[in-house]
Amino acid sequence: MDVLFTNARLIDPEAGTESKGSLRISGGKIAEVLTEGAPDVSGAQVIDAGGMCMAPGVVDIGVKICEPGERHKESFRSAGLAAAAGGVTTIVTRPDTLPTIDTPEALEFQTRRAAEAAPVHVAPMAALTKGREGKEMVEIGFLKDAGAVAFTDCDRVVENTKVFSRALTYAKSLDALVMAHVQEPGLSHGAAATSGARASRMGLPSVSAMAERMGLDRDIALIEMTGAAYHADQITTHRALPALERAKANGLNVTAGVSIHHLTLTEAAIKEYRTFFKVKPPLRTEEDRAAAVAAVASGLIDVVSSMHTPQDEESKRLPFEEAASGAVGLETLLPAMMGLVAAGELTLPQVFRAAALAPARRLGLPSGRLSVGAPGDVILFDPDAAFTLDRTTLLSKSKNTPFDGAKMRGRVAGTWVRGRRVGGEDADATH
Amino acid sequence: MRHLLGIEPLSPADITAILDLSDSYVKLNRSNQKHTNALAGLTQVNMFFENSTRTQASFELAGKRLGADVMSMAMQASSIKKGETLIDTALTLNAMHPDLLIVRHPHSGAVDLLAEKVNCAVLNAGDGRHEHPTQALLDALTIRRRLGQLSGLKVAICGDIAHSRVARSNVQLLTKMGNEVRLIGPPTLVPSGAADWDVSVHGDMAEGLAGVDVVMMLRLQRERMDGGFIPSEREYYHRFGLDAEKLSHAKEDAIVMHPGPMNRGVEIDGEIADDINRSVIQEQVEMGVAVRMAAMDLLMQNRRETKPGVML
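Listed in order, the protein sequences are those of chains A and B. Using my numbering, you'd call the opening residue of the first sequence number 1 and step up by one each time. Using my numbering, you'd call the opening residue of the second sequence number 1 and step up by one each time.
FYI, nobody ran anything at the bench for these hints, they're computed from the structure. Yeah, the Cβ is synthetic: ideal placement off N, Cα and C, and Gly gets one too. Just to be clear, a hint being listed does not mean it is correct.
To be verified - Each pair of labels, with its calculated beta carbon distance range:
hint : chain 1 : residue 1 : chain 2 : residue 2 : range
1    : B       : 178       : A       : 298       : 40 to 50 angstroms
2    : A       : 290       : B       : 234       : 41 to 51 angstroms
3    : A       : 251       : B       : 91        : 56 to 66 angstroms
4    : B       : 198       : A       : 109       : 31 to 41 angstroms
5    : B       : 67        : A       : 274       : 34 to 44 angstroms
6    : A       : 287       : B       : 201       : 17 to 27 angstroms
7    : B       : 8         : A       : 130       : 45 to 55 angstroms
Stated by the list, open to error - Derived lysine-lysine pairs resembling DSSO-like cross-links, with alpha carbons at most 27 angstroms apart:
hint : chain 1 : residue 1 : chain 2 : residue 2
8    : A       : 162       : A       : 280
9    : B       : 117       : A       : 397
10   : A       : 271       : B       : 176
11   : B       : 117       : A       : 399
Using the sequences and the accompanying hints, generate a full structural model.
The structure is reproduced here in C-alpha cells:
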C-alpha cells in the first residue's frame with residue numbers, strides 16, 4: 001500500500017526550500033509531492049505529520065561496521081538499527097575491516113550480510129590498495145562491478161605518490177570515485193592532538209593543522225595530473241579551505257567532506273585526557289570549527305558524515321596516546337546538526353544538502369531528494385525536541401560517543417526506507 | 001583534592017604550605033633520628049612503568065622515613081608485559097588496599113586515568129611529557145632556601161623543553177608564584193604552543209640568560225626522540241650546553257640547577273655541575289626527599305581528614 005504523509009514541513013535540499021505539504025510514496029518511490037491543495041488520500045496509509053519536518057534520509061559516507069572481524073564492536077544488524085533510529089537511510093561503509101575489503105569476494109560477503117541484517121541501504125566502499133598497504137591497487141574494475149561505490153584506504157594516506165597517481169589514473173578510466181584521507185603522513189605520524197598551546201601543555205604528541213593542507217595540496221596536484229574523481233574525506237582546518245576552493249574553481253572533479261564532530265566540538269574537549277574525544281584527524285580550534293561550518297553552509301565542503309567508528313571500552317580506556325581513535329555517530333549526526341541549526345549556523349535545507357543530497361549525488365545514488373521518482377527514503381523529525389543523550393541507550397554495540405550527557409535537540413520520529421518504516425521512535429524495526 | 005597529579009590545580013597558598021612543611025622535614029632528615037610515624041600503618045606502593053633509579057629511591061626513602069610500609073614494583077617487568085591493561089593492574093593493586101600509589105608512566109595523562117580507578121591517593125611521579133609535580137616542588141624549595149624568596153625572580157629553563165615534564169611543571173609553579181620565566185632552546189625542542197604559556201622564548205643562551213637569578217638545565221632526552229631534533233650533540237653543546245662563558249651572562253650569584261641524571265658535556269659542562277658555589281644539584285636531591293615526605297604527609301592528612309590540612 002502507498003504511504004501518504006500529510007501536514008508535513010517538507011525540507012527540499014535540491015530546491016533549498018522548506019514548505020508545508022504532503023508526500024506520497026508508491027511502489028517504494030516518491031510518487032507525489034504537493035505543496036498546495038489537498039492530496040488524494042485514496043489507496044494510502046495516511047500519516048499525519050502534525051507539522052513535523054520531512055526530509056530525505058541521511059546518506060552517511062564513511063561508516064565503519066566492524067563486520068567481518070570485530071563483530072563485538074558493531075554488526076550490520078546493530079549499525080542498521082542505529083542508522084534507522086538516527087534517520088540514516090543509506091550507510092556507505094568503510095573497507096577498514098579485518099580483513100580489509102579489497103577483493104570482490106570480500107565485498108560480496110559484506111553485501112550479503114548487509115542484505116540479511118540491515119534494515120537500511122548499505123552501499124559499500126572498497127579499499128584503494130590491497131590490505132590498505134599503499135603498495136598495489138585493488139581490482140577496481142571487478143570491485144566496481146560488484147557494487148563498490150568508491151575506493152578508499154580510509155585513514156591511511158597512500159604515501160607513495162607513484163602508487164597513488166597510478167591508482168587515480170586507473171580509477172579515472174573506470175569512472176571510479178577515490179576518497180582519501182588528507183594528511184601529510186610524515187608530520188602526522190604518532191600524533192594524538194592538534195599542535196598548539198593545549199597539546200603542548202598536556203604533553204601530547206601533536207600534528208600541525210598545516211599537515212592537512214599539505215596533504216590536500218599534494219592530492220589536488222595529482223587530480224590535476226590524472227583527472228580522477230576525488231573526495232577528501234574530512235577537511236577540518238581553515239588553512240585547507242582556500243586550496244579546496246581553488247581546486248573547485250579550476251574545474252577539478254573534487255569534493256570534500258567533514259565529520260559532524262569537527263563541526264560541533266573543539267580541542268578544548270580533550271582536556272583531562274578524555275579519550276572519547278580522540279578522533280582522527282584530531283579535534284581542532286574554534287576558528288577551524290567555525291570555518292568548517294561556514295564552508296558547509298556555502299557548499300564549499302560538500303558532505304557531512306558521522307565518520308561512525310565503533311570502539312569498545314577496552315580500546316578507549318587507555319592513556320590518551322595509546323587509546324583508539326574514533327567515535328560512533330549514526331544516532332547523533334542529526335541531533336548534532338540540529339544544534340547547529342538552532343545556533344543559526346546552518347539552515348535545514350543546508351543540513352540535508354550536506355547530509356543527504358550531496359553524498360548521494362557524489363556516489364551516483366538516486367536518493368537524497370524529495371522529488372518524484374526518488375526512492376522513498378524519508379524521515380520525519382522534530383528539530384526542536386530537546387533531550388539529554390545517555391550513551392547506554394544507543395543502539396550501536398559500541399557506546400563511544402563524545403556526546404554522552406550532552407543536551408541535544410532533534411528527535412527522529414520515523415525513518416522509512418523504500419516506503420517501509422524501519423526506525424525512529426516507536427518504530428517496528430526489530431521484527 | 002585526594003591526589004597530587006600536577007602543579008596545575010595547586011594555588012600559591014597550597015604550594016607555600018607544602019614547602020613550609022618540607023622545611024621541617026629537611027631538618028628531620030639532617031638529624032640523627034630520621035623517623036616519624038606520620039604514615040605508620042599505611043601502605044605505599046611505588047609503580048614505575050618507566051625506568052627510574054633516583055626518583056624511585058627518593059620516594060622509597062621518603063615513605064620509609066614517614067613510617068609507611070613501602071613496596072616498589074618494577075612494572076616494566078611485570079604483568080604489563082603479559083598484556084594486562086593499566087586499569088586492570090590498578091584494580092588488582094587497589095584490591096590490596098594500599099593507601100598511597102606513587103606512579104610514573106611514559107604516557108601523558110596515564111596517571112590521571114589510573115587515579116580515576118582507585119580508592120587510594122595517587123601521587124604523580126612523572127607522566128609522559130605532562131607533569132612531574134614533586135620535581136617542581138623540590139626545585140622551588142631549593143630556590144627558596146638558597147635565594148630566600150620564590151617570587152620576583154628571573155628563571156631560565158634551558159634545553160629540551162619539548163620532551164620535558166619537569167619544564168612543564170616548573171613553568172606552572174614558577175609563573176603561579178610570580179616569577180619571570182624564560183625558555184631557552186633550539187626551536188625544534190621548544191613546544192609549538194609554549195608562546196602561550198606566559199613565558200618568553202629565546203633561541204640564544206646569551207640573550208636568554210642575561211641577568212637571570214636561576215639557570216635550570218634540562219636533560220637532553222635522547223630516548224624520547226624519534227627523529228632529528230638536533231644535528232649533533234657537539235653542535236648542541238656548542239650552542240646550548242651550559243659552560244662558564246654562557247653562565248657569565250647570568251647574575252653573578254645565579255644558581256645552576258639540573259633535575260638529573262646529567263649528560264656531562266652535552267647540556268652542561270662538568271666543571272659547572274661540580275662548582276659548589278654555583279651548582280645546587282646535590283641540594284636538589286636532598287630537597288627531593290623532604291618535599292616528597294611533605295606531599296605524602298599532606299595527602300594522608302587529607303585522606304584521614306583528621307586535621308584540616310592544606311588541600312592538595
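Right, here's what the structure says about each hint:
Look at residue 178(B) against residue 298(A): about 48 angstroms separates their beta carbons, and that is inside 40 to 50 angstroms. Separated by about 48 angstroms at the C-beta atoms, residue 290(A) and residue 234(B) satisfy the suggested range of 41 to 51 angstroms. The given range of 56 to 66 angstroms is respected by residue 251(A) and residue 91(B), whose C-beta atoms sit roughly 59 angstroms from each other. The hinted window of 31 to 41 angstroms between residue 198(B) and residue 109(A) is violated, with their beta carbons roughly 57 angstroms apart.
Hint check: residue 67(B) to residue 274(A), Cβ distance near 38 angstroms, so the stated range 34 to 44 angstroms holds. At about 22 angstroms, the CB distance of residue 287(A) to residue 201(B) agrees with the hint of 17 to 27 angstroms. Distance hint check: the CB atoms of residue 8(B) and residue 130(A) are about 47 angstroms apart, consistent with the given range 45 to 55 angstroms. Between the alpha carbons of residue 162(A) and residue 280(A) the distance comes to roughly 25 angstroms, so the proposed pair stays at or under 27 angstroms and holds.
Pair hint residue 117(B) plus residue 397(A) holds up; C-alpha atoms about 24 angstroms apart against a cutoff of 27 angstroms. Taking the CA atoms of residue 271(A) and residue 176(B), the gap is near 20 angstroms; set against the 27 angstroms cutoff, the hint holds. For the hint pairing residue 117(B) with residue 399(A), the CA-to-CA distance comes to about 19 angstroms; that is within 27 angstroms, so the pair holds.
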